[in-house]
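Q: Given chain A, work out where chain B should sit, using these hints.
So the protein sequences, as listed, match chains A and B. Heads up: the first sequence begins at 1 in full-length UniProt numbering, then just goes up one per residue. Heads up: the second sequence begins at 1 in full-length UniProt numbering, then just goes up one per residue.
Please keep in mind that the hints were generated in silico from the structure rather than gathered at the bench. A virtual CB, placed ideally from N, CA and C, is assigned to each residue, including glycine. No false leads were slipped in.
Under the rule of at most 25 Å between Cα atoms (straight-line distance), these lysine-lysine pairs were calculated in the DSS-like manner: (1) Lys50(B) <-> Lys488(A); (2) Lys709(A) <-> Lys488(A); (3) Lys127(A) <-> Lys157(A); (4) Lys45(A) <-> Lys515(A); (5) Lys157(A) <-> Lys45(A); (6) Lys294(A) <-> Lys50(B); (7) Lys45(A) <-> Lys709(A); (8) Lys45(A) <-> Lys715(A); (9) Lys273(A) <-> Lys19(B); (10) Lys19(B) <-> Lys249(A); (11) Lys294(A) <-> Lys127(A); (12) Lys127(A) <-> Lys273(A).
Some chain B residues near chain A, calculated using beta-carbon distances under 10 Å: (13) Lys19; (14) Arg29; (15) Ile30; (16) Val36; (17) Gln44; (18) Ala47; (19) Ala54; (20) Thr61.
Quick look at which bits of chain B chain A covers, simulated, 3 or more residues with Cβ under 8 Å: (21) 21-27; (22) 62-75.
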Amino acid sequence: MGPINRSEILIALAGNPNSGKSTLFNAITGARQHVGNYPGITVEKKEGFYDFNGRSLRLVDLPGTYSLTAYSLEERVARELLANERPAAVINVVDASNLERNLYLTVQILEMGIPVIVALNMVDVAKGRGIEIDAQLLAERLGFPVVPTVARRGEGKTELMEKVLAFADENQRREPLRLYYGPDIDPVLDDMEREIAASGFLTEVYPPRWTALKYLEADEQILDAGNAADPEVSRRLLEKAHRVTEHIKATLDSYPEAIIADHRYGFITALLKGGVVRKSPRADRLYLSDQIDKVLTNRFFGPLVMVLILYAVYQFTFRYSEIPVNLLEKVFSALGDWCLATLPEGPLRSLLVSGIIDGVGGVLGFVPLIVFMFFAIAFLEDTGYLARCAYMLDRIFRIFGLHGNSFMAYIISGGIAGGCAVPGVMATRTLRSSRERLATLLTVPFMNCGAKLPVFALLIASFFSEHRAQMMFLLTILSWSMALFLAKLIRVTLLKGPSTPFLLELPPYRLPTFKGLLIHTWERTWQYIQKAGSVILAISILLWALMTYPGLPEERREAFQAERLAVVEALPSPYREAAASGEPPDAGAPPAVRAAWERLRALDAGESRDALMYSFAGRMGRSLEALTRWCGFDWRTNVALVGGFAAKEVIISTLGTAYSLGETDSEESLSLSRRLQKDPQWNPLVALTAMVFIMLYSPCFVTVTCIVKESGTWKWGLFSMVFSTTIAFILAVLLYQIGRALGFGA
Amino acid sequence: MPTVMLRHMLSGQRGVVSKVIANGELGRRIRDMGLVPGTPIMIQGRAPLKDPVAVRVRNFTLTLRNNEADFIHVEVEDH
Numbered sequence: 001m002g003p004i005n006r007s008e009i010l011i012a013l014a015g016n017p018n019s020g021k022s023t024l025f026n027a028i029t030g031a032r033q034h035v036g037n038y039p040g041i042t043v044e045k046k047e048g049f050y051d052f053n054g055r056s057l058r059l060v061d062l063p064g065t066y067s068l069t070a071y072s073l074e075e076r077v078a079r080e081l082l083a084n085e086r087p088a089a090v091i092n093v094v095d096a097s098n099l100e101r102n103l104y105l106t107v108q109i110l111e112m113g114i115p116v117i118v119a120l121n122m123v124d125v126a127k128g129r130g131i132e133i134d135a136q137l138l139a140e141r142l143g144f145p146v147v148p149t150v151a152r153r154g155e156g157k158t159e160l161m162e163k164v165l166a167f168a169d170e171n172q173r174r175e176p177l178r179l180y181y182g183p184d185i186d187p188v189l190d191d192m193e194r195e196i197a198a199s200g201f202l203t204e205v206y207p208p209r210w211t212a213l214k215y216l217e218a219d220e221q222i223l224d225a226g227n228a229a230d231p232e233v234s235r236r237l238l239e240k241a242h243r244v245t246e247h248i249k250a251t252l253d254s255y256p257e258a259i260i261a262d263h264r265y266g267f268i269t270a271l272l273k274g275g276v277v278r279k280s281p282r283a284d285r286l287y288l289s290d291q292i293d294k295v296l297t298n299r300f301f302g303p304l305v306m307v308l309i310l311y312a313v314y315q316f317t318f319r320y321s322e323i324p325v326n327l328l329e330k331v332f333s334a335l336g337d338w339c340l341a342t343l344p345e346g347p348l349r350s351l352l353v354s355g356i357i358d359g360v361g362g363v364l365g366f367v368p369l370i371v372f373m374f375f376a377i378a379f380l381e382d383t384g385y386l387a388r389c390a391y392m393l394d395r396i397f398r399i400f401g402l403h404g405n406s407f408m409a410y411i412i413s414g415g416i417a418g419g420c421a422v423p424g425v426m427a428t429r430t431l432r433s434s435r436e437r438l439a440t441l442l443t444v445p446f447m448n449c450g451a452k453l454p455v456f457a458l459l460i461a462s463f464f465s466e467h468r469a470q471m472m473f474l475l476t477i478l479s480w481s482m483a484l485f486l487a488k489l490i491r492v493t494l495l496k497g498p499s500t501p502f503l504l505e506l507p508p509y510r511l512p513t514f515k516g517l518l519i520h521t522w523e524r525t526w527q528y529i530q531k532a533g534s535v536i537l538a539i540s541i542l543l544w545a546l547m548t549y550p551g552l553p554e555e556r557r558e559a560f561q562a563e564r565l566a567v568v569e570a571l572p573s574p575y576r577e578a579a580a581s582g583e584p585p586d587a588g589a590p591p592a593v594r595a596a597w598e599r600l601r602a603l604d605a606g607e608s609r610d611a612l613m614y615s616f617a618g619r620m621g622r623s624l625e626a627l628t629r630w631c632g633f634d635w636r637t638n639v640a641l642v643g644g645f646a647a648k649e650v651i652i653s654t655l656g657t658a659y660s661l662g663e664t665d666s667e668e669s670l671s672l673s674r675r676l677q678k679d680p681q682w683n684p685l686v687a688l689t690a691m692v693f694i695m696l697y698s699p700c701f702v703t704v705t706c707i708v709k710e711s712g713t714w715k716w717g718l719f720s721m722v723f724s725t726t727i728a729f730i731l732a733v734l735l736y737q738i739g740r741a742l743g744f745g746a
Numbered sequence: 001m002p003t004v005m006l007r008h009m010l011s012g013q014r015g016v017v018s019k020v021i022a023n024g025e026l027g028r029r030i031r032d033m034g035l036v037p038g039t040p041i042m043i044q045g046r047a048p049l050k051d052p053v054a055v056r057v058r059n060f061t062l063t064l065r066n067n068e069a070d071f072i073h074v075e076v077e078d079h
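Excised from the complex, chain A in its bound form (with noise of 0.2 Å):
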C-alpha cells in the first residue's frame, strides 16, 4: 500500500466469467498489456496499460468471479487486490442481458467502499433479445456512471475511460454500500460495526460494516486475520455472530449468510423495477442458443457431435502443425549440422550439438503443436462449447474423481493415441478446483503421447506384426484404464475429499473474436516458452553430460584408433584419403573398399556403445539391472530408459547407440528391430513389459516443468516422477513375472 501514485492510476477490471470482460480489457489496452501469475498462485494475472489526454492508467484484469466471498483463489485474489491496493476505481463489466446476477457481484464491490463505474456490456446482444436497459435511470439509482458498451466493437469504450478518469480524478473516499438485511440481523450488525470502529479493528484494510458482514457470513479468511489482528475483539464478535446464527436457525430455519445474500438479490431486484429493464414479450422465448444446445446436448446427438468435433480439433493440431514442426526440427539438425561442419571436434561441440542445440530444438520443437491447440481450445471455450463438453461428461468423470473438465485434458495428451501431455497439463486451466485439476494433472501424462508412439510401433513391428492395430488397440485402453483408475486412487487417498460443487454457467453460444483468440493462444505459448526454457535447457546439458562423462579411457580410444588406421592402411592408397575423410564410397568403388568403409562405421558405432557403457548413465543402468532383471530389462534398455527423460524418442537412438547400429556382422547392415529379434535378451514378453513400462514411467521433463508450474510447486512434479516410476515399475515385475511363470518367453 501507499499513497496513490499521480503518474500512474491503478484501475481494476472485475465482473463474472462470460460477461465479456476479457475483450474488454483487449479492446482498451490493445498489445500493452502481459501476463503473469498472482505471486505463489496459478491465477493469471493481466496487466495493460491505456494512455488517455497524457494520462498513465495501469489496469490490472481481475480474475473473472461470480462474488468475492473467499471460497475460490479467483475471488480471494480479487478480493485483497481490491482491499490492498485500493484502485482509484473499479470498471465493472457486466452482461446486459443477464443483469440481476451480474450486479450481485457489484453490490459487493461496493460494499468496499470501492468506487465503480458499470461498463453495461453486451448491450447489443441484449437488445437483439428484446431487452433494454435505461443506462441513466440506472446510474441515478446506483449513484455511479453506468456506460453501455459493445466489447467486441470496442463502442463506449472512449466514453468509459473518460468517466473513469473522472472519477480518479476525484479521488474521494466513497462511502460504503449499506444494505438493510432485515429485523434479524441489522440490530446486530449495527452493533458489531461500531465495536470494530470503535477499536479500529481491521480498519486499515476493510471498511467496519463490511468486516462485520463477513463475521456473520462466518467467513474463514477474515475470521483468522481478525483473529491473528485482536483476539479479544473478534471473540466478542464471533459471541455475537453465533448468538444470532443460532437464533435464525431457530426462528427461520436458516442461516445468517443465506439472508445477507437474499436482502442483496432483494436490493437489486428493487434497483431494476420501474423501468430500468424494459422487456419485450419475445425476451422469454427461446434463444438461438437454446435452439442449438437441443441438438448438441441432446441424449443421442449430443456425444456424437462432440466426438466429431473432438475429431476435428484433433486433426487440426496435429495434421496442420506437422509442417512448422518438421520445419523447426530441419532448422535445428542444419543449426546442429553447421555447427558440426564449423567447430573442431571436442566437447564444446558435444555440449553445443548433442546438449543445448537438442535440448532447446526439444522445447521450441512443441511450439507450433502448442500453438495450434490452445488455439483450437481458445475457441472451443470462446464459443462456450467446452462448458457443454464438461456438462456432458461430469457423470463419467465424476466416477473417477474428476471434474468434467478433465475429459479435455485427457483427450490432448493422447486419448487418442498421438498428443501431448504438455499442452495437456497445461489444458487443466480450465479446471477451477484443485484437488480434481491436481488429480487430472498427475494422470494426463499416462495417456500414449506422440513421443511414445514410434517407441511402440519399433516394438509391436518386432515382435507382434501379426497383430499391429490390435496390440496398439490394447495399449490405449491400457492407457485409459490406468489413468482413470490411478486418478480414482490418487482421489481416494492423497487428494481426498467430497468432489467440488458442479455449478457451471453454460454461456450463450458466441462467435469469437479473432484479436481475442490470438491474443488467448499468444499468452500461454509466450508462458510456456519462457518457464519451460531455462530449467529445460539445465536439465539437457545434465542428461547429455550423464551420456557422455567420463569419456573412454585414453587406452581404449588408442586400441579403437589403431584398428581404424589398420583398415585404411589396408586399402589401395588410391582410397585412403577418402575412407579416413568418412566420406561414404562412390557407387563405382571395388567392393573391398566398401567393406572397409562398413568395417570404419561399425569402429566407430562401437567405440560410441563402449562410451555409453563407461559413462555415468552407462554406469546407472548397469547398477540398475539388479532391479530391472525382475522386469527383464538388461543396462541398455535401462540407458534408454534415463534417456527417455529427455524425450521418448530418445528412447529409440538410445536403444540404437547400445545395440551399436552399423556393426556388419554380414554383408548387409541389421535394422535396430532385427537386432532386438535376434537379441536374447528380448523376447515378446520382455517387449510387451517395456511398452507398459514406457507408457506409466516417468513424464518427459518439458511435462514435469509444466506440472510445476501449473500446479505452483516442485513437490507435484517429483512426485509424479515417483509416483509413476513405481507404478510402471510395480506393473512390469507382475507383467513379466506371471508372463515368465505361464511360459510365455523363454
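A: Then chain B, alone, in the frame of chain A:
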C-alpha cells in the same frame, strides 16, 4: 402449489425457488448464481446421462449435479 426437490422436476417444468438448505461453500455457490427464494426457474434439460441438470434462471443457463439439486426446494406450477 406443491413443493418438490429440484432433482424431481421434469424437463420444461417451471417453478419458484422456495428454499435453499445448503450452507458453506455449496450454499454460497448456489446463492452466488442467483438461486435464492423467490427466483423463478425452469428445467431446461438434462445431460445425456440424466445428470447434471440444466436450469434456466434469471436469463441464463446454470448446470448443477443432481445431488446438489437436492438442496434446492421448488414450488412447482403443477404436476
